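The chain contents come next:
There are 2 protein chains.
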Amino acid sequence: MMLTHLDNCQIGDLEDRKRIALINSLSGFKSLNLIGTVNKHGQNNVAIFNSVVHIGANPPLMGFISRPDSVEKHTIENIRETAYYTINHVNKEIFENAHQTSARYKRDESEFEATGLTTDYKFFFPAPFVRESNIQIGLELKEIISVKTNNTLLVIGEIKHLLFPSEVWGESGVLDIEKAGSIAGSSLDGYHTTQLMKRMKYAKA
Amino acid sequence: MMLTHLDNCQIGDLEDRKRIALINSLSGFKSLNLIGTVNKHGQNNVAIFNSVVHIGANPPLMGFISRPDSVEKHTIENIRETAYYTINHVNKEIFENAHQTSARYKRDESEFEATGLTTDYKFFFPAPFVRESNIQIGLELKEIISVKTNNTLLVIGEIKHLLFPSEVWGESGVLDIEKAGSIAGSSLDGYHTTQLMKRMKYAKA
Chain A
9 MMLTHLDNCQ
19 IGDLEDRKRI
29 ALINSLSGFK
39 SLNLIGTVNK
49 HGQNNVAIFN
59 SVVHIGANPP
69 LMGFISRPDS
79 VEKHTIENIR
89 ETAYYTINHV
99 NKEIFENAHQ
109 TSARYKRDES
119 EFEATGLTTD
129 YKFFFPAPFV
139 RESNIQIGLE
149 LKEIISVKTN
159 NTLLVIGEIK
169 HLLFPSEVWG
179 ESGVLDIEKA
189 GSIAGSSLDG
199 YHTTQLMKRM
209 KYAKA
Chain B
9 MMLTHLDNCQ
19 IGDLEDRKRI
29 ALINSLSGFK
39 SLNLIGTVNK
49 HGQNNVAIFN
59 SVVHIGANPP
69 LMGFISRPDS
79 VEKHTIENIR
89 ETAYYTINHV
99 NKEIFENAHQ
109 TSARYKRDES
119 EFEATGLTTD
129 YKFFFPAPFV
139 RESNIQIGLE
149 LKEIISVKTN
159 NTLLVIGEIK
169 HLLFPSEVWG
179 ESGVLDIEKA
189 GSIAGSSLDG
199 YHTTQLMKRM
209 KYAKA
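First to last, the protein sequences are chains A and B.
Letter 129 of the first sequence, counting from 1, is numbered 137 in the working numbering, and no numbers are missing.
Letter 16 of the second sequence, counting from 1, is numbered 24 in the working numbering, and no numbers are missing.
Simulated from the structure, these hints should not be mistaken for laboratory data.
Predicted model, so just to flag it, every value in this text is computed and none were measured.
It is possible that some hints are incorrect.
Where chains are identical, the list cannot tell them apart; a pair therefore holds if satisfied intra-copy or between any two copies.
Capping the alpha-carbon separation at 35 Å, the derived lysine-lysine pairs in DSBU-like fashion look like this [as the list claims (entries may be wrong)]:
no.: 1; residue 1: Lys168; residue 2: Lys26
no.: 2; residue 1: Lys100; residue 2: Lys130
no.: 3; residue 1: Lys81; residue 2: Lys48
no.: 4; residue 1: Lys100; residue 2: Lys209
no.: 5; residue 1: Lys209; residue 2: Lys81
no.: 6; residue 1: Lys114; residue 2: Lys212
no.: 7; residue 1: Lys168; residue 2: Lys212
no.: 8; residue 1: Lys48; residue 2: Lys114
no.: 9; residue 1: Lys168; residue 2: Lys114
no.: 10; residue 1: Lys26; residue 2: Lys212
Please model the entire structure based on the sequences and the hints provided.
In structure tokens:
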């Protein structure tokens, strides 16, 4: 097997689009989620994010990475305005609609309408859930932290509402997200189904 | 389809282990990486992380979430001491070894030896790569940011070296990480292979 070795200078010399595609491949498989928001005038927004991560279980916290200068900026503006948002798993049925939310829509356009996804307002929660998603999470903003090196933001929220198909919740507490139809991403363009190999026991030394 | 709805009080009332397994399921599929480090006395360490995320392509930056109070603390201590570390994709062949690195080993034990993984020192890079991994990344620490809400850390590093099988690098710049054998995780126990459904074009409004 031939190996390619690139050092930091060689990476810097790559053509922009190629470097972006390459570096986005490096973290490994990615979570795919739709983040639903609304601004104070009632204009809703939904956008795909591949950077949602677990932050803690008690209190239940989730994080995601956002760039203030990108197409994602409406999401972060709305979260700053209202302090509420939803995270909704992308599944096999809606991955093409979800991908389309990454296009540059205008501030007064609804990405829900433009991409064929449906708002789902419930529990008197201010932000819209995505009806077509099987795993839906409503969060309240706790903290926005800035990465100095390149001005990206880590947005942290606490889970206030959680919805999922009852049949995917196992005795151990784990959700079978594969059974729920959730999918994985790679780089900025790859959409993958998964196949469980094994669930491992808690490791002991 | 029956739905389960939990609000924040019901989540708080769950038994600890069950809540941890549930909340860890919510971000979606996770990247699985081994982080290799060494302390100033030459004692190496390797640990599995499911929270590595893309931070930026120019400069090429990656991040991961760490808890100072957990089994992951040797990794963060070593990174603070030496400023260098490696990120190595977990693949189908080594996922059981990789999982075993999450056990609580003592400070003076090498998780490499204990779990059957092999250190790979090269390019005069201070931290060990994982020989069994097909995609290997050497990074220099740039920034450690603290999440106030629960004292987790976001660790940001810049890519200095990158190695991958030449045959998985496509014209567009994307690495075919599925072809490289990389796998995805779910919650704290699930290991999954993937199957590409589709690569999507850059979305336009």
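Now for the hints, and whether the structure bears them out:
In this homomeric assembly, lysine 168 and lysine 26 come within 35 Å of each other (Cα to Cα) only across copies, at 17 Å, whereas the closest approach inside a single copy is 40 Å. In this homomeric assembly, lysine 100 and lysine 130 come within 35 Å of each other (Cα to Cα) only inside a single copy, at 24 Å, whereas the closest approach across copies is 41 Å. For the homomeric pair lysine 81 and lysine 48, the shortest alpha-carbon distance inside one copy (15 Å) is at most 35 Å, but the shortest distance between copies (42 Å) is not. In this assembly of identical chains, the alpha carbons of lysine 100 and lysine 209 lie at most 35 Å apart whether taken from the same copy (29 Å) or from different copies (17 Å).
Taking the closest pair of Cα atoms, lysine 209 and lysine 81 come within 35 Å of each other only across two copies (21 Å); inside a single copy the shortest separation is 41 Å, beyond that limit. Proximity of lysine 114 to lysine 212 under the C-alpha cut-off of 35 Å is restricted to the inter-copy arrangement: shortest distance 12 Å between copies versus 52 Å within a copy. Taking identical chains as interchangeable, the C-alpha atoms of lysine 168 and lysine 212 lie at most 35 Å apart whether they share a chain (33 Å) or sit on different chains (34 Å). With identical chains, the CA atoms of lysine 48 and lysine 114 are at most 35 Å apart within one copy only, with a shortest distance of 17 Å there and 52 Å across copies.
In the homo-oligomer, the alpha carbons of lysine 168 and lysine 114 lie at most 35 Å apart inside one protomer (30 Å), although the nearest pairing across protomers, at 38 Å, exceeds that limit. Proximity of lysine 26 and lysine 212 under a CA criterion of 35 Å is satisfied inter-copy only: 19 Å between copies versus 42 Å inside one chain copy.
Taken one by one, the earlier hints all hold for this structure without exception.
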